[in-house]
Each structure stands twice: as structure tokens, then as C-alpha cells.
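Sequences are here, hints too, so could you generate the full structure?
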Amino acid sequence: MKSTRGATKSTPERSDTTYSIGELSARFGLATHVLRHWESVGLLTPATRVSGRRRYSPAHIARVALILHSKQVGLGLSRTRELLDACDGPGRRRVLRSHLDELDEQLTRIQTSKNLIAHVLDCRYEDFTECPRFRSEILAACGDNCE
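For reference, each letter of the sequence shown is one residue, going 1 to 147 in the numbering used here.
In case anyone wonders, no lab produced these hints; they're calculated from the structure. Every residue gets a Cβ at the ideal spot worked out from N, C-alpha and C, and that includes glycine. Some clues are possibly wrong.
Derived CB-CB ranges, DEER-like [claimed, not checked]:
#1 R27 x R109: 20 to 26 Å
#2 R133 x R27: 51 to 57 Å
#3 L107 x R27: 30 to 36 Å
#4 G143 x T32: 41 to 47 Å
#5 E137 x S78: 31 to 37 Å
#6 G91 x T32: 27 to 33 Å
#7 G29 x E105: 42 to 48 Å
#8 R109 x I61: 32 to 38 Å
#9 P90 x I138: 39 to 45 Å
#10 D101 x E130: 24 to 30 Å
#11 P90 x R36: 43 to 49 Å
#12 G143 x S51: 54 to 60 Å
This is the structure we're talking about:
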């Protein structure tokens, strides 16, 4: 008979299963202080405390995964907290719509920067800072901050 000891199964977690802070952090390759920080800023709250130690439920696994994904897509911790604390789908969509608007603005700035760099690389001026087009575009890019 083949032993199944140590084999991993993709069965759902039991609802009464809990994890220590070390177990939860190890599952995601995080240091325990990261989870403690997230707790201090309101992103994560242990399900219970047993003998003064944090215990996390299977629902916390999904929450940590969402926090990590939010970080990957550029949401800051405060925006992630807004997303998680929103009481309904429309509230969460508002948070994401706002983030999408910010990403669009960033893309516009990035494209402007790429265009300027492409011009500089092909510029006929030996010193591109003397190029009238470069000067014009760089002044336009800094807007009111140039004065």
C-alpha cells in the first residue's frame, strides 16, 4: 500500500482549521512582521487569539492573497484597505475605478516620456538640451512647476 503521508491535496480547507502567524506567513513566503504590520494598519485581523497567540482562518488565506495581488497591481496599503473595507460590490468598484483612472494618468505620463526620449535619441542636435523641440516639450511636461 502506498503511503499518503506528507502528500498535498487540493481539497478545501476545513472551516475549523486555524493557522499560526508563522504558518500563514510561510504559506506566502512572507516574514511574520509583514502580517503584524498589516494588522497594525487594519488590513488583517486574526480570527481568534489562543493563549495570546494569533490564529488565522482559511478566509485569511484569501485575504492575504488579495492583499498581495493588490500590491502587485500598484494599490497602496491604504487603497487596499479601502477596497477590503468597502461594504459592497459597488463600493469596491468605485475604489478600483479610481485606481484605474490613476493608472491611465500614469500611462499618459509614461508615453509622453517615451516619446521625448525617442526624440532625444534621434535628435540632430549634438546636445539635445539645445534642441527647441526638447525644450518646448520639457517645459510643457513640467507645467506650472517650472516657474
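Status of the hints after comparison with the structure:
Against the hinted window of 20 to 26 Å, the Cβ-Cβ separation of R27 and R109 comes to about 37 Å, which falls outside the hint. Separated by about 54 Å at the C-beta atoms, R133 and R27 satisfy the suggested range of 51 to 57 Å. One distance hint, 30 to 36 Å for the beta-carbon pair L107 and R27, holds here, with the actual separation near 34 Å. Checking the proposed 41 to 47 Å range against G143 and T32 shows it holds: the Cβ atoms sit about 45 Å from each other.
For the hinted restraint 31 to 37 Å between E137 and S78, the CB-CB distance of approximately 34 Å keeps it satisfied. Range check, G91 to T32: Cβ separation about 31 Å, and the 27 to 33 Å hint holds. For G29 paired with E105, a C-beta distance near 32 Å fails the hint of 42 to 48 Å. The hinted window of 32 to 38 Å between R109 and I61 holds, with their beta carbons roughly 36 Å apart.
Distance hint check: the CB atoms of P90 and I138 are about 42 Å apart, consistent with the given range 39 to 45 Å. The supplied range of 24 to 30 Å is broken by D101 and E130, whose beta-carbon atoms lie about 37 Å from each other. Checked against the hint of 43 to 49 Å, the pair P90 and R36 fails, with Cβ atoms roughly 32 Å apart. Separated by about 58 Å at the C-beta atoms, G143 and S51 satisfy the suggested range of 54 to 60 Å.
The earlier numbered hints that this structure contradicts are 1, 7, 10 and 11.
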